[in-house]
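Peer 1: My request is simple: use the sequences and hints to build the entire structure.
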Amino acid sequence: MIITVILVGFALLAMGALIMAARGRSGTVTDVAELEGKLRPVDLLAFRNLVAAEEEEFLRSNLPAKVFRVVQKERIGAAVEYVQCVAQNASLLLRLGEAARASADPEIANAGRELVESALRIRIYALSAAMKLRARRVLPGLSVSPSAVSSSYENLTGLVSRLGRLQHRSEQLAAAS
Amino acid sequence: MEPHSLLWYYLWIAPHLLQIPLAIVIFKRKLHRDFPWFLTYTIYQILGNAVLLLLNHSPQISGKSYHVALDVDAILSIILRFAVIYEIFHVSLKPYESLQRVSSALGNTVLISLLLGALGVAVYGPVPQYTTGLISMSVATYRAGSMVQCGLLLFLFLFSYYFRISWRSFVFGIASGLAFYLSVQLAMSALLALSYIKSADAIDMAAYHCSVLIWLGYALARQRVPVAMKTVPNHQLESWNLELQRLLER
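Chains as they are written, first to last, in numbering that gives the first Met the number 0: chain A, 0 to 176; chain B, 0 to 249.
FYI, nobody ran anything at the bench for these hints, they're computed from the structure. Just to be clear, a hint being listed does not mean it is correct.
Within a straight-line C-alpha distance of at most 30 Å, the following computed DSS-like cross-link-like pairs (lysine-lysine) qualify [stated by the list, open to error]:
| id | chain 1 | residue 1 | chain 2 | residue 2 |
| --- | --- | --- | --- | --- |
| 1 | A | Lys-131 | B | Lys-93 |
| 2 | A | Lys-65 | A | Lys-131 |
| 3 | B | Lys-93 | A | Lys-37 |
Peer 2: Put into structure tokens, the structure is as follows:
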């Protein structure tokens, strides 16, 4: 009986995932203008500070153990929120990259492809970073390096700048011709 | 041959008749280049069910022989569906190089877990007591097959949802039609292992009918082409750059 209930539950879960995917698909951004203003604020320095081992050590040595545990829990919770923001931004930039890689201009298309790849890498890192941070909440001794997420994010913003420069150039070319 | 209602015949024959125009549309729109296994599965379903219908009405075929044919068909269908699922994974992840390693590592882990789970269900799960060994085997085969395949599609949906992968229209149509049918089949085969359900066949066939309609609808629908940016909108990117720089400098 339990196995039957589990299997029926599994079937319902698959149906739910299908509905979720269909709804997510209908929400696909088809106009780049839709992305404007959707980026969520991310302060990388604050994020680095939140996950810095030295900062943690400083707090540990200067705060009573009980207070430290509470503060550390809050810091990790905030860090997880930052990671989720970065992942959300990456998914928006992914849409921009997908639109750009369909461009007839090979350079814009190439920059779009790079943007897509970087955005996906951020989402991979964000997934593992969020898991590690959550694990650290349970096991405070676990060390987490934020560099993978933050450096990738910096790289991503660099790619967006490159797309901007390409745009300038294509406009100049259009004006010259 | 057992007497059946008109609805039962409709539910058996109609989806397979609809698969004929589906195969033609796939071929005409050259979708078979990306989905050769789905076309093979479609053609197999048309021919296989035509043969089963003939066997069902042939006085020379005993009930036992007919059920052997049903089991063979079930196994071949499951094998072809695995090929279709592989095709769905391949087509939907092809444009994302950086995801291929992660998806294949995670996909293999999920597949192994599902196979072990299916083995566990086969060993410890309930076996229908109300019928013959052959039908029990059919129920167990469908249950194991749909469990693994449903799980793989569930994984693909969740994976795509997390990474915000853009699905092309037809591949999403194939995946959703298959997931719908497999989840109904899984639920029905799990319940059938406990007790006899009179309308189980009809529900299974109705679900398949819906899936074929989904496939046909998506095959006929215009393929979604990504909105190509001839130029990247300047004002947008600059404001994005400023916003990102401001955030980075904060």
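Peer 1: Check whether the Cα positions of B:Lys-93 and A:Lys-37 lie no farther apart than 30 Å.
Peer 2: 28 Å, holds
Peer 1: Would the hint linking A:Lys-65 and A:Lys-131 be met if the CA-CA limit is 30 Å?
Peer 2: 22 Å, holds
Peer 1: Hinted pair, alpha-carbon criterion (30 Å max): A:Lys-131, B:Lys-93. Please report holds or violated.
Peer 2: OK: A:Lys-131 and B:Lys-93 at ~29 Å, within 30 Å.
Every hint, counting from the list given before, is met by this structure.
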